[in-house]
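**Q** Residue numbers (this note's numbering), protein chains in the order written: chain A, 1 to 589; chain B, 1 to 584.
The hints are simulated quantities; they were obtained by calculation from the structure and are not laboratory data.
Here the structure is a predicted model, which means the values were calculated and not measured.
One thing to keep in mind: the hints can contain errors.
[Claimed, not checked] Computed spacing ranges between beta-carbons, pair by pair: (1) Asp376(A) <-> Lys370(B): 49 to 59 Å; (2) Arg14(B) <-> Thr191(A): 27 to 37 Å; (3) Lys126(A) <-> Asp189(B): 42 to 52 Å; (4) Asp403(A) <-> Gly484(B): 21 to 31 Å; (5) Asp189(B) <-> Leu22(A): 52 to 62 Å; (6) Ser480(B) <-> Thr191(A): 34 to 44 Å; (7) Gly484(B) <-> Lys126(A): 17 to 27 Å; (8) Pro138(B) <-> Val162(A): 54 to 64 Å; (9) Lys206(A) <-> Asp339(B): 21 to 31 Å.
Glycine included, C-beta positions come from ideal geometry on N, C-alpha and C.
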Amino acid sequence: MAPRQTVRVKPKDTKGTLRRILSYLGGFKYLIAIILMLCIVSNLLSLMGPSMAGKAINAASAGKGKVDFGEVKYYTVRMLIFYLTSSFLTIVISNLMIFVSLNVAKKMRNDVFEKLMLLPVGFFDKNATGDIISRVSYDIDVVSQSLASDLVAILTSMVTVVGSLTMMIRISPLLSLVELITIPLAVLYTTKMRKITQPRYSKRSKAYGDMNGYVEEMFTGQKTIIAYSYEDKVSEGFDEKNKDSADRYYDAEFYGATMGPTVNGLNNLGLGLIGMFGAVLYSLKMISLGQISSFVLYSRKFSGPINEIANVTNEIYSALSAAERVFKLLDETEEVKDTTGAKELNDIKGNVELKHVAFGYDEGRTIIHDLSFKADAGKLIAIVGPTGAGKTTIINLLMRFYDVDKGSVCVDGPDIRDYTRKSLRKAYAMVLQDTWVFNGTIFDNIAYGKEGATMDEVVKAAKAAHIHSFIMQLPKGYNTIIGEDGGNISKGQKQLLTIARAMLYDSKMLILDEATSNVDTSTERAIQSAMRELMKDKTCFVIAHRLSTIKNADLILVLKDGDVCEQGTHESLMKAGGFYYKLYHAQYE
Amino acid sequence: MRELGKYVKKYTGRISLGVFLKLLAAGAELLIPYVLEHLIDNVAPKENIAEIVLYGFIMVVLAFAVRETNVRANRMGASVSKDCTYEIRRDLFEKSMSLSGKQTDEVGLPSLISRMTSDSYNIQNFLRAAQAMGIRAPMLLLGGIIVTFTMDTGLALILAIMAPVLIALVVFVSFKGIPLYKKVQSKVDDIVRVMRENITGIRVVKALSKEDYERNRYRRVNDDLTKTDIFASIVMSLPGPLMQLFLNGGLTLVVYVGAIRVNAGVTKPGVILAFLTYFNMVLMGVMGLNRIFMMMSRANASAGRIFSIINLPEDLVTIPESEGAKTDRQGYIIFDHVDYSYNKHEEGEKDELSGEDRQKTLYDIDFEIKKGGSLGIIGATGAGKTTIFNLLMRFYDADKGHVFVDGKDVRTFDKKKLHSMFGSVFQNDVLLTGNIKDNIVFGREADDETVMNAAEDARASVFIGKYDDNFDHEVTKLGSNLSGGQKQRVMISRALAGDPDILLLDDSSSALDYKTDSEVRKAIREKHAGTTLLVVAQRISSIMSLDEILVLDEGHVIGRGTHEELLKTCKEYKEIYETQMGDE
Numbered sequence: 001m002a003p004r005q006t007v008r009v010k011p012k013d014t015k016g017t018l019r020r021i022l023s024y025l026g027g028f029k030y031l032i033a034i035i036l037m038l039c040i041v042s043n044l045l046s047l048m049g050p051s052m053a054g055k056a057i058n059a060a061s062a063g064k065g066k067v068d069f070g071e072v073k074y075y076t077v078r079m080l081i082f083y084l085t086s087s088f089l090t091i092v093i094s095n096l097m098i099f100v101s102l103n104v105a106k107k108m109r110n111d112v113f114e115k116l117m118l119l120p121v122g123f124f125d126k127n128a129t130g131d132i133i134s135r136v137s138y139d140i141d142v143v144s145q146s147l148a149s150d151l152v153a154i155l156t157s158m159v160t161v162v163g164s165l166t167m168m169i170r171i172s173p174l175l176s177l178v179e180l181i182t183i184p185l186a187v188l189y190t191t192k193m194r195k196i197t198q199p200r201y202s203k204r205s206k207a208y209g210d211m212n213g214y215v216e217e218m219f220t221g222q223k224t225i226i227a228y229s230y231e232d233k234v235s236e237g238f239d240e241k242n243k244d245s246a247d248r249y250y251d252a253e254f255y256g257a258t259m260g261p262t263v264n265g266l267n268n269l270g271l272g273l274i275g276m277f278g279a280v281l282y283s284l285k286m287i288s289l290g291q292i293s294s295f296v297l298y299s300r301k302f303s304g305p306i307n308e309i310a311n312v313t314n315e316i317y318s319a320l321s322a323a324e325r326v327f328k329l330l331d332e333t334e335e336v337k338d339t340t341g342a343k344e345l346n347d348i349k350g351n352v353e354l355k356h357v358a359f360g361y362d363e364g365r366t367i368i369h370d371l372s373f374k375a376d377a378g379k380l381i382a383i384v385g386p387t388g389a390g391k392t393t394i395i396n397l398l399m400r401f402y403d404v405d406k407g408s409v410c411v412d413g414p415d416i417r418d419y420t421r422k423s424l425r426k427a428y429a430m431v432l433q434d435t436w437v438f439n440g441t442i443f444d445n446i447a448y449g450k451e452g453a454t455m456d457e458v459v460k461a462a463k464a465a466h467i468h469s470f471i472m473q474l475p476k477g478y479n480t481i482i483g484e485d486g487g488n489i490s491k492g493q494k495q496l497l498t499i500a501r502a503m504l505y506d507s508k509m510l511i512l513d514e515a516t517s518n519v520d521t522s523t524e525r526a527i528q529s530a531m532r533e534l535m536k537d538k539t540c541f542v543i544a545h546r547l548s549t550i551k552n553a554d555l556i557l558v559l560k561d562g563d564v565c566e567q568g569t570h571e572s573l574m575k576a577g578g579f580y581y582k583l584y585h586a587q588y589e
Numbered sequence: 001m002r003e004l005g006k007y008v009k010k011y012t013g014r015i016s017l018g019v020f021l022k023l024l025a026a027g028a029e030l031l032i033p034y035v036l037e038h039l040i041d042n043v044a045p046k047e048n049i050a051e052i053v054l055y056g057f058i059m060v061v062l063a064f065a066v067r068e069t070n071v072r073a074n075r076m077g078a079s080v081s082k083d084c085t086y087e088i089r090r091d092l093f094e095k096s097m098s099l100s101g102k103q104t105d106e107v108g109l110p111s112l113i114s115r116m117t118s119d120s121y122n123i124q125n126f127l128r129a130a131q132a133m134g135i136r137a138p139m140l141l142l143g144g145i146i147v148t149f150t151m152d153t154g155l156a157l158i159l160a161i162m163a164p165v166l167i168a169l170v171v172f173v174s175f176k177g178i179p180l181y182k183k184v185q186s187k188v189d190d191i192v193r194v195m196r197e198n199i200t201g202i203r204v205v206k207a208l209s210k211e212d213y214e215r216n217r218y219r220r221v222n223d224d225l226t227k228t229d230i231f232a233s234i235v236m237s238l239p240g241p242l243m244q245l246f247l248n249g250g251l252t253l254v255v256y257v258g259a260i261r262v263n264a265g266v267t268k269p270g271v272i273l274a275f276l277t278y279f280n281m282v283l284m285g286v287m288g289l290n291r292i293f294m295m296m297s298r299a300n301a302s303a304g305r306i307f308s309i310i311n312l313p314e315d316l317v318t319i320p321e322s323e324g325a326k327t328d329r330q331g332y333i334i335f336d337h338v339d340y341s342y343n344k345h346e347e348g349e350k351d352e353l354s355g356e357d358r359q360k361t362l363y364d365i366d367f368e369i370k371k372g373g374s375l376g377i378i379g380a381t382g383a384g385k386t387t388i389f390n391l392l393m394r395f396y397d398a399d400k401g402h403v404f405v406d407g408k409d410v411r412t413f414d415k416k417k418l419h420s421m422f423g424s425v426f427q428n429d430v431l432l433t434g435n436i437k438d439n440i441v442f443g444r445e446a447d448d449e450t451v452m453n454a455a456e457d458a459r460a461s462v463f464i465g466k467y468d469d470n471f472d473h474e475v476t477k478l479g480s481n482l483s484g485g486q487k488q489r490v491m492i493s494r495a496l497a498g499d500p501d502i503l504l505l506d507d508s509s510s511a512l513d514y515k516t517d518s519e520v521r522k523a524i525r526e527k528h529a530g531t532t533l534l535v536v537a538q539r540i541s542s543i544m545s546l547d548e549i550l551v552l553d554e555g556h557v558i559g560r561g562t563h564e565e566l567l568k569t570c571k572e573y574k575e576i577y578e579t580q581m582g583d584e
């Protein structure tokens, strides 16, 4: 068996975490009580087995022709019944435990997702996607597996060790002295080996992690590496990681390899010692053959559980740390609740105003210092500036993905914090640079923003976005399933899909953040009229690299290092001959 | 598996020694209950304590010896597994790195990575476990049965009959379980997918207030996973208790039948005791075999995946100059009527589309550039711009026509020599872990001055200078700590640092603002005048000053000439220009 290689990471708050796990188990408390009771019963029953076997063997050991079959039958039948019941109970217990633990896992997964829906956008900007997902795909799994097996395992081990020992002492206190040798040996060895192997296993995991990371990076950069004939250096680098992984592996296995043989060796040692002392006592007529047999069977049950308890303790620790990571996520601060008495944003006109807004993603690092501008209903506001100037930040503030630090953002008069978030966000349609499609049919993807959209409406939007003919070429047309990674469609087509999605969505305000950056120029031209249609009668906020697309904006905000350095129309800005003028001319150079 | 054998073969010596030790250990282990029986049945009745202690001592010594021998053998097995896996990984890595673009596309990057990692771990675990248990398990199983037959045929029959039943049961459940777990895994994938979609699309979800919809979607996959998981777990939890049941049932039977045989005088009571122990050993053998089978099926799949890569034929072999195509056309770089298609199917493979209907990536591409000249390529996404670069650097071979560099067929170049002529920045190009200087030098000979000049020309020094540690600033994996524009500038520096004969820029300034872009272009023009320049771009401004421009549309050249010429002759080019420059 591959040794369980959990690395012992101590949870920070064992008690608190335990309490929270218990609260998840709360709904199953009667069931768990029953399970634990059954577990004890089942183990006690199976402990009766060897004793019965011993008695039966006693009855049988009388010798030729003297065997008392009544007694043999009596004990063997009992033995069989005990074992049968015990095995049956074991199956029942493990099934119930699986049921409980997987339902707990389900509840936890649901809670995590619930939480995600309530977290502010900032959380997702700061935390790596893979990291969040591993809470669900890995951590919760660790917790539920531990619940499913460890609880029962630890109880079983304890009942077995205590029970066997009791039985052995009852059979022959003298012979039980043998265990004074084997038990301390087992305990000593197990604790010592833990100490030796744990750090080695974690070093090995680290070496593997390093190697995986290296492989991933180099494979991703393969083309570049070949192009610059960098292969030899990379191979050297890999060889180092590979060797390190191999060495760490061997280093851990060198000690890990003693585990199985030692547990087994302790069994054999116990057998030998019992045989020896048992035979001495037997020859002195102080013990019967049946009793020795029972003893042998009991002693077999021993060394296993001692090792098991050590294993399980580790498992439980790692489950606790996993649970702690899950709970940490569940404890993240949620989006600020809507203020009491927050209004629904209805009958939107589309007047937007920013008043002396200051904002920074991290405390102490202000990005926008003092931003004010007014966007009247139906106007086109363009936001331009070099990369990293804070264009997207403004969008984040408008949609209230983030709250301003100072000043206020107002729609139709009141501060947006006086509206419910839902109604505010509903007031905007948007097309972002990072196109987002989900695993579902094309129809679902386009209709996403409008519940109950008809096929006709979807087709109309798709036609306007010039994606209809492409869709019709797909094997299943609008029912073609596309994936998140969108293997079957290009980035540009994805962007057209999101434009179609926005077209279906009726709103008074529109945000276009590099909405056509991935669309090739001829398609962009083709959808221009549709875009104009989409923008009609809406207050539009447009971010674009290409300055030509925004020349006819009513107001151009030129951003530099987070602040508006110029604002005005194209003509006025060109006349001013400032930063905008430079930016504009750069594209002709 | 046969392929795996080749790697293992080298270690025949160590493995044989390990096998020998394992045989020894198993034999000794099988002796212990035998000694026990002898002790109880024959020695104890003699009431000679010294003799009893002697036999007891033999058992204890045997126990220690078995342990020691097994530990040694296991360590030997681990060392063989370590060395083999090291070599397999080394070969797999080298091979993976040298795959042609086409081969990499076919396998896929995530799959290549997982072959390197989880598949190699599977092999490693299997090799170790096979040596640790491969001998021991069958030895205990068969040896146990054989020894018991010598002790008492009647009782041994119970074992002999039960063992196969047990094996069948265990193997059956395990094999039933594997597909069940695969199903669970696919349900986990569903969950992960929905989560990932929601995380990446959180702005859209929130903007459209679709939280409830998403909650329902998630709940559905979650319920599904739970159901599947419960079923699979229950099935897989059965073998343990069932095996226990068989063991204990067997024990009972041994006691009962033993009693009958003792009564008949054909066996001694101590034999029953020994049997109880052998029963345990046989059971251990069965469990060991089961684990080996499980691991073997996984390792087999992994080995298949690994060796299917290692055994891929070498693609893009350098051909001798005599076999290369010749041309009398003048020009430093020549594309001579080149066709290319990515989704080419191997001969004999059936496909719905016949060869003619299948869309190619490039059709009849034909151009030449003189030394020190420049060419711009513009066109929609998917028009085949990048493919031209891929053919030029020979990441792929043309289907039809030929590509020449410096008068020679590219296929006749030593690949490293060919590549050393180029400085390139690709679309989605990468930086590697290391400092900025390492990334610019990239394993070539370049002194500090060259690096600094390159960074200056690429306008990277502006932001590099802001770091306290300048060029020693660490770049994290794939350049993740730099912004898109910063990365592109470092990559351009890297391309320039080699003072290449040919400079390839594939959409290399998409994240740069117009101003920086134009400064970089100016620096290249002035400081690298002798370099032959090829630029792929979306922006007209990036290529309009080049000697010649190709306009590509779905693999066809639809316009060729200077900027001014194209404005007159190429309608599409003019349209692009007008859209981008806004002169409507």
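**Q** Holds or violated: 17 to 27 Å for the Cβ distance of Gly484(B) and Lys126(A)?
**A** holds, 19 Å
**Q** Is it true that the C-beta distance of Asp403(A) to Gly484(B) lies inside 21 to 31 Å, as the hint says?
**A** Cβ of Asp403(A) to Cβ of Gly484(B): about 27 Å, so the range 21 to 31 Å holds.
**Q** Between Lys126(A) and Asp189(B), is the Cβ distance one that fits in 42 to 52 Å?
**A** violated, 26 Å
**Q** Should the hint that Lys206(A) and Asp339(B) are 21 to 31 Å apart at their CB atoms be regarded as holding?
**A** violated, 50 Å
**Q** Check the following: the C-beta atoms of Arg14(B) and Thr191(A) are separated by a distance inside 27 to 37 Å.
**A** Check passed, 32 Å falls within 27 to 37 Å.
**Q** Is 54 to 64 Å a correct range for the gap between the Cβ atoms of Pro138(B) and Val162(A)?
**A** Distance hint for Pro138(B), Val162(A) is violated at roughly 36 Å.
**Q** Kindly confirm whether 52 to 62 Å is satisfied by the beta carbon distance between Asp189(B) and Leu22(A).
**A** Violated, since Asp189(B) and Leu22(A) (Cβ atoms, about 31 Å apart) do not stay within the stated range.
**Q** Look at the Cβ atoms of Ser480(B) and Thr191(A) and judge whether their distance stays inside 34 to 44 Å.
**A** holds, 42 Å
**Q** Quick one: are Asp376(A) and Lys370(B) within 49 to 59 Å, going by C-beta?
**A** Holds: the Cβ-Cβ distance is about 57 Å, inside 49 to 59 Å.
Violated hints, in rising order: 3, 5, 8 and 9; the structure is consistent with all others.
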